[in-house]
Amino acid sequence: MNRIASIALLLLFAAFLFAPYLVNPGLVFIAGFAMIEIVFALSWNLLFSYAGLVSFGHAAFFGIGAYVAAATLRYGYDIHFILVLLICAVLGAVGAFLVALIVLRRASGIQFSVLTLALSQLVVVLIGYSDYFGHDEGISAIPRPVMNFGLFTVDLNRPLANYYFVLFVCLVAVGLMWLLVKGHLGRAMQAVRIDSERAEFIGIDAWRIRVFAFTISGAFAAVAGALLAPWGQIVTPEYVNWLHSAQPIFATLLGGAGFFWGPVVGIVGLSALNYFTRTFTGLSEVLVGASLIAVVLVAPQGILGTLRQLAKRRKGPVKGGHA
Amino acid sequence: MLELNSVDAFYGQAHILHDISLSLATGGRLAVLGRNGAGKSTLLKSIMNAGPRVRGEVRLEGELLDGIGASDRVRRGLSLVPEDRRIFTHISVKENILLAQQGTERKSGLPTLEEVIARFPLLRDLVNRLGGQLSGGQQQVLAVARAIAARPRLMLLDEPTEGLAPVIVEDLAEKIVEACATYGIGILLAEQNLWFARQCTSRVLLLDSGSLVFSGDWAEFDASTDLVERYLAV
Numbered sequence: 412m413n414r415i416a417s418i419a420l421l422l423l424f425a426a427f428l429f430a431p432y433l434v435n436p437g438l439v440f441i442a443g444f445a446m447i448e449i450v451f452a453l454s455w456n457l458l459f460s461y462a463g464l465v466s467f468g469h470a471a472f473f474g475i476g477a478y479v480a481a482a483t484l485r486y487g488y489d490i491h492f493i494l495v496l497l498i499c500a501v502l503g504a505v506g507a508f509l510v511a512l513i514v515l516r517r518a519s520g521i522q523f524s525v526l527t528l529a530l531s532q533l534v535v536v537l538i539g540y541s542d543y544f545g546h547d548e549g550i551s552a553i554p555r556p557v558m559n560f561g562l563f564t565v566d567l568n569r570p571l572a573n574y575y576f577v578l579f580v581c582l583v584a585v586g587l588m589w590l591l592v593k594g595h596l597g598r599a600m601q602a603v604r605i606d607s608e609r610a611e612f613i614g615i616d617a618w619r620i621r622v623f624a625f626t627i628s629g630a631f632a633a634v635a636g637a638l639l640a641p642w643g644q645i646v647t648p649e650y651v652n653w654l655h656s657a658q659p660i661f662a663t664l665l666g667g668a669g670f671f672w673g674p675v676v677g678i679v680g681l682s683a684l685n686y687f688t689r690t691f692t693g694l695s696e697v698l699v700g701a702s703l704i705a706v707v708l709v710a711p712q713g714i715l716g717t718l719r720q721l722a723k724r725r726k727g728p729v730k731g732g733h734a
Numbered sequence: 022m023l024e025l026n027s028v029d030a031f032y033g034q035a036h037i038l039h040d041i042s043l044s045l046a047t048g049g050r051l052a053v054l055g056r057n058g059a060g061k062s063t064l065l066k067s068i069m070n071a072g073p074r075v076r077g078e079v080r081l082e083g084e085l086l087d088g089i090g091a092s093d094r095v096r097r098g099l100s101l102v103p104e105d106r107r108i109f110t111h112i113s114v115k116e117n118i119l120l121a122q123q124g125t126e127r128k129s130g131l132p133t134l135e136e137v138i139a140r141f142p143l144l145r146d147l148v149n150r151l152g153g154q155l156s157g158g159q160q161q162v163l164a165v166a167r168a169i170a171a172r173p174r175l176m177l178l179d180e181p182t183e184g185l186a187p188v189i190v191e192d193l194a195e196k197i198v199e200a201c202a203t204y205g206i207g208i209l210l211a212e213q214n215l216w217f218a219r220q221c222t223s224r225v226l227l228l229d230s231g232s233l234v235f236s237g238d239w240a241e242f243d244a245s246t247d248l249v250e251r252y253l254a255v
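Chains as they are written, first to last, in this note's numbering: chain H, 412 to 734; chain U, 22 to 255.
Hints were generated in silico from the structure; no laboratory data involved. Accuracy of the hints is not assured; some may be wrong.
Stated by the list, open to error - Here are a few chain U residues that face chain H, going by a calculated C-beta distance under 8 angstroms:
id	residue
1	Ala91
2	Ile112
3	Lys115
4	Gln123
As the list claims (entries may be wrong) - List time: in silico DSS-like cross-link candidates among lysine-lysine, alpha-carbon distance up to 27 angstroms:
id	chain 1	residue 1	chain 2	residue 2
5	U	Lys196	U	Lys115
6	U	Lys128	U	Lys115
7	U	Lys128	H	Lys593
8	H	Lys723	U	Lys196
9	H	Lys593	U	Lys196
10	H	Lys723	H	Lys593
11	U	Lys196	U	Lys128
No residue lacks a Cβ here, since even glycine has one placed at the ideal position from N, Cα and C.
All chains should be modelled from the sequences, with the hints used to inform the complete structure.
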């Protein structure tokens, strides 16, 4: 990652850190959503940029976390919210593991992508039939938890505590994903993405690595979903739908495929675009779509890819690879 | 250590290898010679279960490898350095070597990165360079170093000298023999370069149109004066 990108990411982090003191509550609310979407997009990017898998139905795992957390809070189960996050992570991982076990045995490439889409749409249909999950209306008026940690309590009904709790969990999730991709498992995932046969020749079981990546990715997507329940206080099937599955894809293309931080830049870009076009009724989606087309045509490597190219041009050849 | 009994190999309907049997003792070094298309690469890939459909028995340390995938064969101690080197171009030399060590089941007795680099000094100044930024010769040295770093029981080398400068070929032969002797690694070498094959191995096996036409040591090979003319001359 070049210096400009590092500085930009630091500035971004500072913006999230001080947002409650710098901008109005409406923007803070959007920033919270953006952080949740960042974790979701990074979880998808683990698959795409590292394991070479394209999931069109990743919102299903986000939905598992969102609905389980929403139901736990809404129906008053007395479970510590940290434990709820962990349960959601485990459920997301188990769900993803089962899907991977079934789908990756039989399909790869576009077949795999379409099957993930079909399975996620099946989840949408099942939610539509469920009284417990509120049919098409979802679960609303979700209460925010008060977490007792012994020495102190964190009351998510307080806006600042709520915001910084989301920021903290997102930072932990991003940190864990960063450690994963920079460790030997990350190297193995990349090896499988680049050339699975080559990876097999040095003893890496490509299928196991893909199943592992899918499982971990499902866990992080579910944690992102679980954070949404107390933050947004409403969970609807829209969050499970294919349009939501497309969000991390757009973010990764916009920010830069092949970069760990690409989806972060992409989500911030998309959130800004949505915010600044919010008053243009009916035009917002058109502008978002047009921006994406422009990025794909003009800067197919995304924002970070373009920055890297500019840096290369300025300084001559530099070390490439995953920033 | 390695035993092949009546092995036939197929690509689709094409019957490539015919009734190949061979055995190689622990630490043994065997060259597989033959013209282009004789079946040398297919033999190595058949042993690795890396492409062809195989009929017959392939055993390692007595264990039948039937149905065992390439990555599991690597964990059992086989290592293939393929013809096209297949190093990872997007990661550094160091990471290529570490990745190979990650793929082995052996947890002790692996050479350290420093030891590997010391054995292949050509890589010394390239440790942090991306694989894709190396020359063809450097990539080949890395491919061999990477295989040795995982300390396999048997290293399968598929035409490692192809496209290399003579000076690199000479150096590579010396380094391979030294490293394999140190770590007790056997060699199965598919090669067209007779000089290189002699340096690296003690026995020779000759293939022609997928069939075994000669098996013996180098003295026996040299004694059969017509072999080169009949099976290796272009």
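- Which of the listed hints are not met by the structure? Per hint list: 3, 8 and 9 violated.
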